Amino acid sequence: GGSCESLSLKGSTGLTGSDSGVLELSDGGGGGPPGEWDAVPGIVKQCIKHLEATGLRTLGIFRVSPSKKRVRQ
Numbered sequence: 001g002g003s004c005e006s007l008s009l010k011g012s013t014g015l016t017g018s019d020s021g022v023l024e025l026s027d028g029g030g031g032g033p034p035g036e037w038d039a040v041p042g043i044v045k046q047c048i049k050h051l052e053a054t055g056l057r058t059l060g061i062f063r064v065s066p067s068k069k070r071v072r073q
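full-length UniProt numbering puts the first residue of the sequence shown at 1, with every later residue one more than the last.
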């Protein structure tokens with residue numbers, strides 16, 4: 001499952017830039033102001049990390065564009 005219940009809140013590691021071009025999150029990557037990532041609640045950080053790690057390969061998590069034929073209908 002891809003539910004929030006399956007997320008581990010302890011011992012989580014950040015993503016690296018080599019994982020499908022995803023920015024490293026463990027050190028607050030993303031170019032925001034210093035400390036900005038620290039203000040994000042822990043559960044939100046875990047959900048973001050989980051979605052970025054698995055959601056890009058899971059159909060239906062992020063929008064998948066329909067075929068051109070289906071758009072014309």
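Derived from the structure by calculation, the hints contain no laboratory data. Just so we're clear, the structure is a prediction, and the values are computed from it rather than from any experiment. Among the clues, some could well be false.
Under the rule of at most 25 Å between Cα atoms (straight-line distance), these lysine to any residue pairs were calculated in the SDA-like manner [to be verified]:
hint, residue 1, residue 2
1, K69, E52
2, K68, L56
3, K49, G35
4, K49, A39
5, K45, G55
6, K49, P33
7, K45, F62
8, K45, P33
9, K45, G35
10, K68, K49
11, K49, G60
12, K69, T58
13, K45, L56
14, K49, K69
15, K45, L59
16, K49, L59
Between beta-carbon pairs, the in silico distance windows are [to be verified]:
hint, residue 1, residue 2, range
17, W37, K68, 15 to 25 Å
18, A53, P33, 22 to 32 Å
19, K68, E36, 32 to 42 Å
20, D38, L59, 46 to 56 Å
Using N, Cα and C, we set each Cβ at its ideal position, and we do this for glycine too.
Holds or violated: K45 to L56, with C-alpha atoms at most 25 Å apart:
16 Å, holds
Holds or violated: K49 and L59, Cα atoms, limit 25 Å.
17 Å, holds
K45 and F62: Cα distance at most 25 Å?
17 Å, holds
Agreement of K49 and P33 with the hint, judged by alpha carbon distance not exceeding 25 Å:
It holds: about 19 Å lies between the C-alpha atoms, which stays within 25 Å.
Hint says 22 to 32 Å; check whether the CB-CB distance for A53 and P33 agrees.
Taking Cβ atoms as reference, A53 and P33 lie about 25 Å apart, which means the hint holds.
Is K69 within 25 Å of T58, Cα to Cα?
This hinted pair holds, its Cα atoms lying about 23 Å apart.
Are the Cα positions of K45 and G55 separated by 25 Å at most?
Holds. K45 to G55 sits at ~14 Å (cutoff 25 Å).
Are the Cα atoms of K68 and L56 separated by 25 Å or less?
Cα-Cα ~22 Å, so holds.
Given a hint of 32 to 42 Å, does the C-beta separation of K68 and E36 actually sit inside it?
40 Å, holds
Could you grab the alpha-carbon distance between K45 and L59 and see if it respects the 25 Å cut-off?
22 Å, holds
Are the Cα atoms of K69 and E52 separated by 25 Å or less?
30 Å, violated
Quick one, are K49 and G60 close enough, alpha carbons at most 25 Å?
This hinted pair holds, its Cα atoms lying about 17 Å apart.
Going through the hint list in order, the structure does not satisfy hints 1, 10, 14, 17 and 20.
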